[in-house]
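There are 2 protein chains.
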Amino acid sequence: MKLSGKNNIGFSWSASGSKTFRAFDPAVNDFLKEEFFLATDEELDQIMLLAQNAFSVYRKKTNAERALFLQAIADEIMALGDDLISRCVAESGLPAARITGERARTTGQLRLFAETIRKGDYVQARIDPALPDRKPLPRYDLRRMSIPLGPVLVFGASNFPLAFSTAGGDTASALAAGCPVVVKAHSSHPGTNELISLAINRASQKSGMPEGVFSMFYADRVLGIKAVEHPVIKAVGFTGSRQAGMSIFKAAMNRNEPIPVYAEMSAVNPVILLPGALQENGAAIAEGLAASITNGTGQFCTNPGIVFTLDNAATEDFLQELIKRIRSTSPGTMLNTNIYKAYQESVSRMKSIPGVVQIAMTEKIAGINEGAPVLFTVSAERFCSDHRLREEVFGPSSLIVLCQSLQQLETALGCMDGQLTATVHAGKSENGAVSDLLPLMMQKAGRILFNGFPTGVEVSPAQQHGGPFPATSDARATSVGTAAMERFMRPVAFQHFPDELLPDALKAENPLGIVRLVENHLIKG
Amino acid sequence: MKLSGKNNIGFSWSASGSKTFRAFDPAVNDFLKEEFFLATDEELDQIMLLAQNAFSVYRKKTNAERALFLQAIADEIMALGDDLISRCVAESGLPAARITGERARTTGQLRLFAETIRKGDYVQARIDPALPDRKPLPRYDLRRMSIPLGPVLVFGASNFPLAFSTAGGDTASALAAGCPVVVKAHSSHPGTNELISLAINRASQKSGMPEGVFSMFYADRVLGIKAVEHPVIKAVGFTGSRQAGMSIFKAAMNRNEPIPVYAEMSAVNPVILLPGALQENGAAIAEGLAASITNGTGQFCTNPGIVFTLDNAATEDFLQELIKRIRSTSPGTMLNTNIYKAYQESVSRMKSIPGVVQIAMTEKIAGINEGAPVLFTVSAERFCSDHRLREEVFGPSSLIVLCQSLQQLETALGCMDGQLTATVHAGKSENGAVSDLLPLMMQKAGRILFNGFPTGVEVSPAQQHGGPFPATSDARATSVGTAAMERFMRPVAFQHFPDELLPDALKAENPLGIVRLVENHLIKG
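Protein chains in written order, with my numbering: chain A, 1 to 525; chain B, 1 to 525.
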């Protein structure tokens, strides 16, 4: 499939600028041949105007119409076939099996959002009937539901070229909520992005959606921030580094009209190994943990970067097993040269920090742009006294923090910033210790795991992928699961309205058959 | 009841600073005798340490325990008796009947939050059961609920010395959510604040709540911002001016860890009068509108400051009736001298704007610190071209915008910033026109009213008191009604946890009997 390299402005494709860039194949260490055009300020303005106009049409589409649109996007992505897989592999260095799985996740979440809006409960309707005879004052009929915020800007992520990019979770949840989406494509995988944009365009046109419901552009940092500052944009979704996330956050907060920013930025995802767990199950934990550390060459936001354990004999045995597994795990191609270089620098820096001991590194030779699995240890005391030890190393690396007591372990955990996840492994008689640790784990993270590993984030109604700052810029939100839609909505109440003027979700006869809070009681149909 | 003038640090009272201030009685135009002490930096630190420690205890209190605490606060407020009413009247210039009503609103909302948390559904539990046999990967059991954010800083409001101050909506909803509260008392009514703080202290101690679950301090702007910046604070509630609200917002966003700010700042609450409504019902609308404009001397955030109407004969008749009513409405004492002076300045400025005509002013002579009801007109064209016409005038003033067509009216409405409310009055055959205006009204405001007046905000489950910026700093939130609790919570998911370690809200047998989303279906009990 031939790529145009153009920006996607509504239903058109445009390349009026002169600055271009090319994608890089980290596995062959060379640029791919196609040129992609950075958007101009004028192109960005055209995109925003179309998004604004599209909003007034798109917001009125029924849940069923939006659901068909989301399903059509999923269908059109599948229709891209192997062209999508091969381009995505070339642009990410990720294996075809992983990309195929990620495509399934991407289409699966589009279909899950379609199902959720078809059900209709997501508007969280509430009805307080009138009390005309109440004294001293009558009460008016009051009905409340959530409505879409407006056009949403989505920044594609480097590490999920499909599931957190052009048609990923942010885009799917914003479109489901009734918001047009403008995607700033990640420069690592522009071809993948063009193919997905094509699929979304086909779906928009086939399902009768307004031009501007989706647009996509390529940008440098300056133009990306201009998009954040554009008055048409009413919310931003982002997955990436803390530095980039915070520059977007600051720009959004300094607008004349500040807007919500959902930036998922960084996490080291502490894993606590209680002594009983290692005694009963040390080898299996070592196996699972090694897999979780090195899975996807460690390029997951839920990668377990810090492991807390007691400094005792059971830990010794466990570490021997873990070392063996890290040594035998092959290096993997990293997503791009910047990420590869950053990983090399982070590992070098870690080695240079006083008190840090490198206890394992893969025995396989790392090829070009390949990240080598590595393990370090440090004492709990040192861990709390040097903030560099608590920063994310993006890649297949983990730091074992050796604690002298459970109390010291809790203190060390308390030194940490907000996290996406916190995990505890416990033996059969350690529920008491878990119970003691739980309040702190809940304070630190958005998802708490018991006897598991943090990589692998289910897309489902009960998922919470988010967490206290700096894991995300807004701990109240999730970027995975059906609740992700709530990020792009706000409530509106209707007072004393005639039934025929109310949105269907609030009408007396409940034509959508949704669950509503009536007189403070949840009622279905 | 003798007032100490001290800051309330946990269960103690402290006055280690040297700066003092006194309350002012606007009705007698003189200071009240008691001195109140501004807190020192050290006192603020003590408060924050206690709040932090209290959180670890308070978050574990059951819903039933917290509910008893909220009810005890309501009881202790009532037990203050007439001392509270008389002090509050002296500090606000508001009539005793209004203060008595506001006390009922304050205790009523404390009891409503008690009822809501006793019911327990507010944690929004979600359960995705395990699918151990799923291919290619099994699914782990995942359970999600909302937990409290941490200590909340509340800024008392000038215009609701009870309902939006020390034990007002922000405090009640934060305490209900499980967050300790630190109140920065408004300098207009420190004595009222001390009495309410006493009541809360008594309630805390009687119901076994930890010291630090509530504290209160007096501060200048610098110390107020220091409190916003204090790392213990995890969210801020504020009701007041846009300038003060934005300085708090900026400080919170520039923290190392940015935190949510719920600032309810300003609104002019447009009221649209369609021609049929005036033909059918002009006199009654004039009566209702005049009452809404002058109610509480116009010192409500929902005061109707802008009225859109067509420039025709029916409007002429309506305006004559409205003018008559404004002329016969007495001036009222304003809350404090600053608000009085600001109102005088705003009215003078309004008169000086080209195209603005003053069409009515009360015929009664205004006494000292009394705001005089006043009406202006301006053309829709001028309205859009001068932003000063769209700014809030805090007091009993309204601006009638005369439009040449419904289309021009819609354009003029489109010029406006975000609002707390938008109202439309329509005749029997004007539902079509309302339907055309509704999308824009929904885009501009948090609450939409039909044939009503925006003052009077019901405290109920379906209420939405909030709206797009600059009405508030966070359109996703409400500061009135049971949903106000959601501002101070965030979700946490538990993956693969043994039942006995889960919070009661998530346990398999549902011991709290709450409504939960199980396998994406809402299930009760």
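If you are wondering where the hints come from, they were derived from the structure by calculation, not from laboratory data.
Don't take every hint at face value.
You can't tell identical chains apart in this list, so a pair holds if it fits in one copy or across any two.
To be verified - Capping the alpha-carbon separation at 27 Å, the derived lysine-lysine pairs in BS3-like fashion look like this:
#1 K444 with K507
#2 K428 with K60
#3 K444 with K60
#4 K507 with K524
#5 K444 with K226
#6 K119 with K135
#7 K524 with K61
#8 K507 with K428
#9 K2 with K341
#10 K507 with K61
#11 K61 with K444
#12 K507 with K250
Source: prediction; values computed, not measured.
Hints, verified against the model:
Proximity of K444 and K507 under a CA criterion of 27 Å is satisfied inter-copy only: 22 Å between copies versus 42 Å inside one chain copy. In the homo-oligomer, the alpha carbons of K428 and K60 lie at most 27 Å apart only across protomers (25 Å), although the nearest pairing inside one protomer, at 55 Å, exceeds that limit. Within a single copy, K444 and K60 get their C-alpha atoms only as close as 40 Å, which misses the 27 Å cut-off; across copies the closest is 16 Å, which meets it. Taking CA atoms no more than 27 Å apart as the test, K507 paired with K524 passes in both settings, with 13 Å inside one copy and 24 Å between copies.
For the homomeric pair K444 and K226, the shortest alpha-carbon distance between copies (24 Å) is at most 27 Å, but the shortest distance inside one copy (33 Å) is not. For a Cα distance limit of 27 Å, the shortest separation of K119 from K135 across copies, 26 Å, qualifies, whereas the shortest one inside one copy, 39 Å, does not. For the homomeric pair K524 and K61, the shortest alpha-carbon distance inside one copy (23 Å) is at most 27 Å, but the shortest distance between copies (31 Å) is not. Within a single copy, K507 and K428 get their C-alpha atoms only as close as 53 Å, which misses the 27 Å cut-off; across copies the closest is 19 Å, which meets it.
Taking the shortest Cα distances, K2 and K341 never come within 27 Å of each other, neither inside one copy (31 Å) nor across copies (69 Å). In the homo-oligomer, the alpha carbons of K507 and K61 lie at most 27 Å apart inside one protomer (17 Å), although the nearest pairing across protomers, at 39 Å, exceeds that limit. Taking identical chains as interchangeable, the C-alpha atoms of K61 and K444 lie at most 27 Å apart only when they sit on different chains, with a minimum of 20 Å there against 40 Å within one chain. With identical chains, the CA atoms of K507 and K250 are never at most 27 Å apart, being 41 Å at best within one copy and 40 Å at best between copies.
When the structure is compared with the earlier hints, violations turn up for hints 9 and 12 and for no others.
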